[in-house]
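Chemist: Each chain is listed here by its residues.
There are 4 protein chains.
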Amino acid sequence: MSQDILFTTPQMAEVFSAGRRLQRMLDVEAALARALARRGMVPDHAADAIGRQCRVEHFDVEAVYREAMLAGTPTIPLVARLVELVDDDARGFVHWGATSQDILDTGLVLQMRDGLDLLLADLVGIGRSCAALAEQHRTSLMPARTLLQHALPTTFGLKAAQWLAAVTAQIARLREVERGLAVQLGGAAGTLAAYRDDGLAVVALLAEELHLPAPALSWHTDRNLPAAVTAAVGLACGTAGKIATDVALLMQTEVGEVAEGPRRGKGGSTTMPHKRNPVDSVAAVAAARLALGAVPVVMGAMIQEHERGAGSWQAEWDGVPAVFRHASAAIFRTGGALAGLEVDVDRMRDNLELTGGAVLAESLATALAPHIGRPAANTVVQGVVSVALSSDADLRAAAHDTQAVTDVLEPAQIDAAFDAAGYLGSNNALIDRALTSFTQFDHDG
Amino acid sequence: MSQDILFTTPQMAEVFSAGRRLQRMLDVEAALARALARRGMVPDHAADAIGRQCRVEHFDVEAVYREAMLAGTPTIPLVARLVELVDDDARGFVHWGATSQDILDTGLVLQMRDGLDLLLADLVGIGRSCAALAEQHRTSLMPARTLLQHALPTTFGLKAAQWLAAVTAQIARLREVERGLAVQLGGAAGTLAAYRDDGLAVVALLAEELHLPAPALSWHTDRNLPAAVTAAVGLACGTAGKIATDVALLMQTEVGEVAEGPRRGKGGSTTMPHKRNPVDSVAAVAAARLALGAVPVVMGAMIQEHERGAGSWQAEWDGVPAVFRHASAAIFRTGGALAGLEVDVDRMRDNLELTGGAVLAESLATALAPHIGRPAANTVVQGVVSVALSSDADLRAAAHDTQAVTDVLEPAQIDAAFDAAGYLGSNNALIDRALTSFTQFDHDG
Amino acid sequence: MSQDILFTTPQMAEVFSAGRRLQRMLDVEAALARALARRGMVPDHAADAIGRQCRVEHFDVEAVYREAMLAGTPTIPLVARLVELVDDDARGFVHWGATSQDILDTGLVLQMRDGLDLLLADLVGIGRSCAALAEQHRTSLMPARTLLQHALPTTFGLKAAQWLAAVTAQIARLREVERGLAVQLGGAAGTLAAYRDDGLAVVALLAEELHLPAPALSWHTDRNLPAAVTAAVGLACGTAGKIATDVALLMQTEVGEVAEGPRRGKGGSTTMPHKRNPVDSVAAVAAARLALGAVPVVMGAMIQEHERGAGSWQAEWDGVPAVFRHASAAIFRTGGALAGLEVDVDRMRDNLELTGGAVLAESLATALAPHIGRPAANTVVQGVVSVALSSDADLRAAAHDTQAVTDVLEPAQIDAAFDAAGYLGSNNALIDRALTSFTQFDHDG
Amino acid sequence: MSQDILFTTPQMAEVFSAGRRLQRMLDVEAALARALARRGMVPDHAADAIGRQCRVEHFDVEAVYREAMLAGTPTIPLVARLVELVDDDARGFVHWGATSQDILDTGLVLQMRDGLDLLLADLVGIGRSCAALAEQHRTSLMPARTLLQHALPTTFGLKAAQWLAAVTAQIARLREVERGLAVQLGGAAGTLAAYRDDGLAVVALLAEELHLPAPALSWHTDRNLPAAVTAAVGLACGTAGKIATDVALLMQTEVGEVAEGPRRGKGGSTTMPHKRNPVDSVAAVAAARLALGAVPVVMGAMIQEHERGAGSWQAEWDGVPAVFRHASAAIFRTGGALAGLEVDVDRMRDNLELTGGAVLAESLATALAPHIGRPAANTVVQGVVSVALSSDADLRAAAHDTQAVTDVLEPAQIDAAFDAAGYLGSNNALIDRALTSFTQFDHDG
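Protein chains in written order, with our numbering: chain H, 1 to 445; chain E, 1 to 445; chain P, 1 to 445; chain R, 1 to 445.
Since the hints were derived computationally from the structure, they do not count as laboratory data. Fair warning: there could be bad hints in the mix.
To be verified - Listed next, the stretches of chain P that the computed footprint assigns to chain H, with coverage defined by at least 3 CB atoms under 8 Å from CB atoms of chain H:
1) 147-154
2) 416-428
Unchecked claim - Here are some chain P residues pointing at chain H (derived, C-beta under 7 Å):
3) Pro10
4) Thr253
5) Asp350
6) Leu352
7) Leu354
Nothing here was measured: the structure is a model prediction, and the numbers come from that model. All C-beta atoms, glycine included, are put in the ideal place defined by N, C-alpha and C.
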């Protein structure tokens with residue numbers, strides 16, 4: 001068992017296991033035989049015979065990998081064994097016209113499709129959690145924080161809606177990316193030479209067999225597909241990491257506005273019984289960093305030599321799985337942090353009061369402006385702020401004590417200006433937008 | 001002058017210069033004033049007065065940046081100066097309702113739009129070069145090389161077509177990315193609080209003024225946009241670097257199949273007069289590495305704190321320009337390598353002969369198969385190969401000497417199997433596809 | 001002016017400016033001429049004549065770079081102009097036996113030496129600030145925070161001492177790295193062919209002239225030196241970023257334990273007058289991310305082709321300066337955050353109380369252990385914790401109410417166990433160690 | 001089985017396996033108990049009892065990791081089980097005074113020590129291969145290649161010596177780094193509070209037990225150690241990747257100067273029997289890219305929060321193993337490429353002739369200089385080059401036909417100038433230096 005079990009989901013680890021890779025490569029070999037049979041280039045019985053043997057259970061996975069170290073690719077020992085497994089009269093049709101990279105690349109595409117399905121399911125789960133929080137906390141006032149300092153009032157509902165909008169964008173992109181997955185078949189030169197004039201037809205049939213699009217050209221030399229897929233997965237991890245960071249920051253002892261839902265054994269400390277650690281959030285951030293860290297390996301591998309890279313392409317074999325494995329944890333653990341999230345709306349409101357109304361200085365200016373114009377309003381507020389700062393007083397109290405304010409606003413109007421609930425702008429409309437946008441993707445799934 | 005002049009184009013350096021950044025921020029301030037005026041929230045004359053002053057010539061750029069070091073953002077000193085510049089009765093309307101990040105982010109979007117336009121123009125130029133090469137060299141035989149070893153025959157036309165397909169994909173993506181650029185306006189909390197109920201309308205008008213879409217929600221906390229844009233630019237650099245790598249490899253003294261077009265002073269060496277260095281290709285690869293190296297900074301910055309990051313967001317300010325500047329060189333220099341590329345088709349054909357027909361072993365098997373079946377064909381060819389290897393003979397000669405071959409193929413048929421021109425599969429159809437696909441984008445531009 | 005002015009110091013920007021690069025390359029040309037003259041291979045008057053012209057003021061920097069784009073390296077146009085500038089009888093001795101890379105690499109070494117001097121001076125400054133804080137706050141109690149949750153009590157003095165120890169380690173490493181800088185001279189093949197049997201002597205003399213060590217072998221093909229230097233600089237940025245992160249977190253509105261020292265115009269917000277932004281800390285973190293982001297480009301460039309890389313080496317030209325420029329800001333701004341740091345010891349103590357003594361549960365167990373053994377002590381404390389948690393009570397109060405505790409400890413002993421000042425372990429000794437270790441390096445400087 | 005088996009050695013996979021991690025953590029727990037016993041703080045029999053159970057065979061590894069997902073760290077479930085395993089009277093002394101991070105960090109240090117030992121052994125092996133090649137090929141002439149173009153003559157011996165010098169530097173650094181490994185013990189705050197005044201003594205004893213140095217201060221907050229170790233390992237991979245790249249380039253079909261030693265099943269291709277793929281070199285480059293790709297994750301993790309990072313530290317748990325695993329393959333496979341390397345000295349010499357003497361233009365100038373001065377010599381050579389280029393002639397022939405040459409050099413002297421063996425400068429001395437320097441490290445091992 002590899003150590004990285006902490007930063008992957010078991011499901012994703014399975015999708016990118018050594019055995020599954022071989023199975024997906026065998027799926028490609030089987031589909032190729034069927035495609036050739038449909039084109040009349042391979043006898044049906046041979047395609048059937050090949051297909052029957054294309055099950056990883058028939059192979060010694062460790063031995064295949066051991067020989068792959070010598071052969072330079074797992075395809076060669078895999079195909080050698082497959083040839084041995086099938087009957088004499090099917091033997092010559094195994095792997096016909098394909099090059100080892102065709103099988104590896106298309107196999108990887110199948111793995112990526114499985115991986116994207118897993119990620120999308122968990123992203124939709126996060127979206128649902130965010131949507132519930134956004135709806136439920138439309139009026140839960142809290143401080144917005146810029147550079148970790150209190151800025152203006154916001155609501156926890158809007159914060160969750162902003163998370164939701166980001167998650168929705170990632171879902172949309174990953175679905176788009178999934179639609180872009182395509183088979184790779186070209187032979188060593190990308191010419192499809194072995195199929196003579198039938199090459200494009202064979203590619204089309206193979207694509208059909210695997211329920212994938214056929215590409216315009218072979219992409220053995222153009223690593224745009226794996227690079228773009230991993231970049232997109234990395235972006236999704238960026239969103240997961242952002243949400244998880246917010247949760248961890250909101251859980252700080254001094255902030256205490258949210259807490260990850262309790263599960264037996266979660267987040268405790270043997271020697272510090274008071275601790276309620278942001279266990280899922282921290283794991284999500286760590287996994288997101290790991291996933292994002294593996295993306296450059298795959299993007300950098302685009303710069304490769306001629307018709308098959310000498311080191312760059314091979315780095316994808318581990319780089320792509322690393323991105324997916326870590327991404328699965330980043331997204332799953334973010335979901336874990338949000339599921340059952342405990343929200344302390346009282347603490348939020350208390351924290352909002354910490355700066356004595358200063359977060360509403362802009363609101364006071366906005367209240368004054370219709371009466372004395374914006375320029376004068378700004379000047380007056382700056383005066384109130386100076387008084388408050390120099391006297392260590394509450395801004396609200398200072399406002400009530402400032403004649404330039406009381407000349408134009410009634411006491412109740414001043415109090416209204418310091419009511420955070422009244423200075424939320426488009427809070428509701430924005431939450432609605434986020435919910436609506438997600439709903440569409442939630443149903444699409 | 002910064003050292004990095006070697007790895008940027010002057011045009012892109014200008015787009016991301018200190019002065020241009022301020023101008024783009026001022027463009028946003030001017031557009032905001034106009035938007036508010038159209039909504040009736042700011043007097044027309046005030047919007048006009050603000051707009052008149054929003055020209056970087058009126059500002060001391062160095063002083064703004066110097067103060068930005070203290071203020072934490074260039075917006076604060078920029079707005080302070082703008083307020084000084086406008087008349088008393090417009091002063092209060094400057095920057096109304098915006099937070100400093102709104103101006104910086106939307107300003108960056110305008111810079112990115114300018115930057116994408118530059119990149120796209122140069123990518124289309126590369127596409128045209130590739131298209132011309134693909135058309136012209138449909139039949140220019142050369143070895144395909146996998147792991148830097150000769151594999152099967154291909155044509156230089158197909159190689160160029162594969163470059164072209166990759167470039168076309170990058171053009172398509174960058175255009176898509178450009179359409180996704182959106183204004184950012186939300187105020188410090190993203191609530192648009194200062195506009196009361198008018199916030200969404202103001203955003204829509206600002207977007208209209210800047211010819212950009214309005215986003216569903218404020219994206220100050222969701223750094224998907226800059227991260228996705230730079231990732232896409234990085235992918236384009238991957239393609240540029242791939243093409244440039246191929247050119248540099250083909251220019252090797254021992255390969256000599258192409259040479260960058262000569263320009264006075266290009267690629268010489270004081271002490272090695274024979275050298276014809278791949279100057280543009282090398283610069284393109286270096287710049288692509290630099291661009292790809294800056295992408296993770298921007299992607300990593302997605303993981304940021306609350307409503308404005310404390311370090312991550314600011315890293316974008318330099319990270320995004322770094323990606324664009326280096327990308328401009330990666331793409332421009334790749335274009336330079338291809339423009340006027342000298343192609344030595346004789347050398348290509350000579351190189352193809354280096355392995356004595358071995359690159360056509362698969363072709364021989366394909367020729368034998370209809371007569372004796374694929375399984376037997378493979379076996380026969382392996383025998384021929386063994387003979388050739390053990391006797392250090394030419395594979396073609398060995399084939400002519402092998403009875404299992406001569407039993408079923410006439411001498412002329414054997415020769416035909418060793419004619420690379422006859423073993424190109426879908427070469428022409430693939431070139432056509434690449435050309436067709438690009439043509440559409442070439443016209444779209 | 002490039003945008004990146006916000007993330008570099010002006011001094012470092014100067015060290016890595018286009019003009020300074022050329023000057024450093026000219027310094028190498030001049031030193032080479034002197035070295036050859038000392039060996040009797042060049043007439044003294046020729047070396048003098050060359051030396052007189054090796055001043056960047058005599059060169060059109062922009063023109064050199066413009067031609068460098070064609071030539072592939074700035075050395076070629078630079079040397080061409082230098083040849084024009086010197087008298088006829090010195091002309092033939094310019095650049096003798098060197099290859100363009102020799103000049104660029106050794107010039108870069110001189111720039112890196114200048115750059116390291118700047119970084120070291122600022123790191124020592126940070127060290128002094130940390131040392132003062134460590135000394136002054138030996139007894140300033142505050143919560144240690146793990147995973148952003150209160151853990152055990154610590155002192156701000158120890159926290160500063162831990163920063164100091166990290167800074168001291170970086171100073172030690174960068175000094176070590178600086179000692180490892182070496183000249184590069186080998187000619188195009190690294191054989192020193194043009195000097196016949198005098199090559200090693202010439203290298204030694206050149207090294208002497210430049211006050212640098214001579215390397216065992218030419219390192220044109222072994223990019224360990226620039227990669228290791230930038231890695232070390234990156235590590236120093238990691239420490240800077242860690243300190244700055246702590247400061248920003250401690251400045252949070254809800255935490256409020258420290259504040260960056262005020263400077264006129266620093267950290268304000270136009271619309272949020274209460275904000276005291278962690279301006280220097282945020283800039284330091286951003287710059288550290290940018291510096292660390294450029295390190296992989298240089299490290300990755302180690303994998304390069306034959307006797308001079310085709311793209312990788314050239315990426316160093318911008319990658320190394322990027323690391324240094326951003327590092328200068330990361331370190332300088334961290335210094336700015338610490339200089340005049342305001343420390344609120346009352347707030348620290350108040351925050352320590354937030355968890356009602358729970359941070360001292362381990363202390364209670366330690367107090368009980370001598371009486372009832374550690375196993376029983378742990379069991380008793382877990383009981384107290386359970387009571388406290390279930391009754392939402394203070395842990396100290398719960399301890400006083402628990403018979404298993406009061407059976408063996410006097411009330412005053414219980415109170416002592418809940419006195420954080422009594423549970424600081426080796427606090428003082430550790431602070432002393434950090435101070436002593438730094439002192440040595442402070443004097444070394 | 002994870003897919004990454006292709007890019008790790010089995011030995012390194014074992015060192016960083018899930019089980020071995022737990023064993024190393026248990027080693028720390030056992031050593032801590034012994035250290036405390038030696039200080040008289042724990043009864044000897046309790047330390048013995050703990051030590052007896054600290055064997056991973058007694059633990060359900062999968063269950064520990066499963067609970068670690070909830071607990072946030074493997075230490076908590078591991079210690080919980082260990083407590084269950086030991087007798088009642090030892091139970092209370094398990095993990096005394098340590099925090100979970102102490103165990104994880106020191107356990108990781110032990111794994112890194114094991115890992116460095118493996119890497120060093122393989123690096124020494126590479127060094128021996130290089131040393132043998134350097135000695136054997138002192139006079140094997142070949143072209144040095146800059147920007148992939150022929151430059152001056154060199155020898156394969158010097159090329160191997162340059163590889164050797166780089167490898168020697170990496171061995172030296174990794175040994176230095178290994179000496180810098182230190183225990184981590186501090187408790188949650190780093191104060192060693194639970195040990196009262198005995199903390200430093202306990203740390204010293206723990207260090208002794210584990211044969212590691214004691215650090216000046218706890219480094220839980222200062223991630224310099226893991227970051228520096230992985231950076232150093234990354235640098236070693238850079239050297240491995242450089243060597244492997246050279247081998248792959250030299251194996252190109254058109255170059256053919258070396259070939260990886262044959263092993264049964266190595267590097268073949270089913271459909272391209274002529275191929276002799278650079279299997280080990282390619283795997284080495286891929287693994288080096290993967291290792292270098294994981295380094296930034298660990299370096300970036302230095303920027304972390306307070307007394308234990310929330311996501312950054314945890315990313316190290318997988319990032320450090322990833323660097324080591326991939327490094328093991330990068331280094332091992334480079335060794336595989338060199339072991340039994342076949343060198344074709346005839347092909348090297350043939351390739352050197354490809355440019356018709358142009359690689360010796362500098363040599364001709366050097367021969368002319370003593371007679372007519374360097375300036376005139378350069379001018380004459382440029383003339384010869386022009387003639388050769390314009391007439392497509394051999395440079396040597398053009399020299400013989402140029403009067404300015406024949407005026408001062410005898411025909412035999414001209415021929416001598418075009419004898420590459422006579423233009424090797426310090427070739428031998430440099431090879432000697434590399435051999436001497438390595439020998440020292442080879443014996444040290």
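Chemist: What are the numbers of the hints that this structure violates, sorted from low to high?
Modeler: 2, 3, 5 and 6
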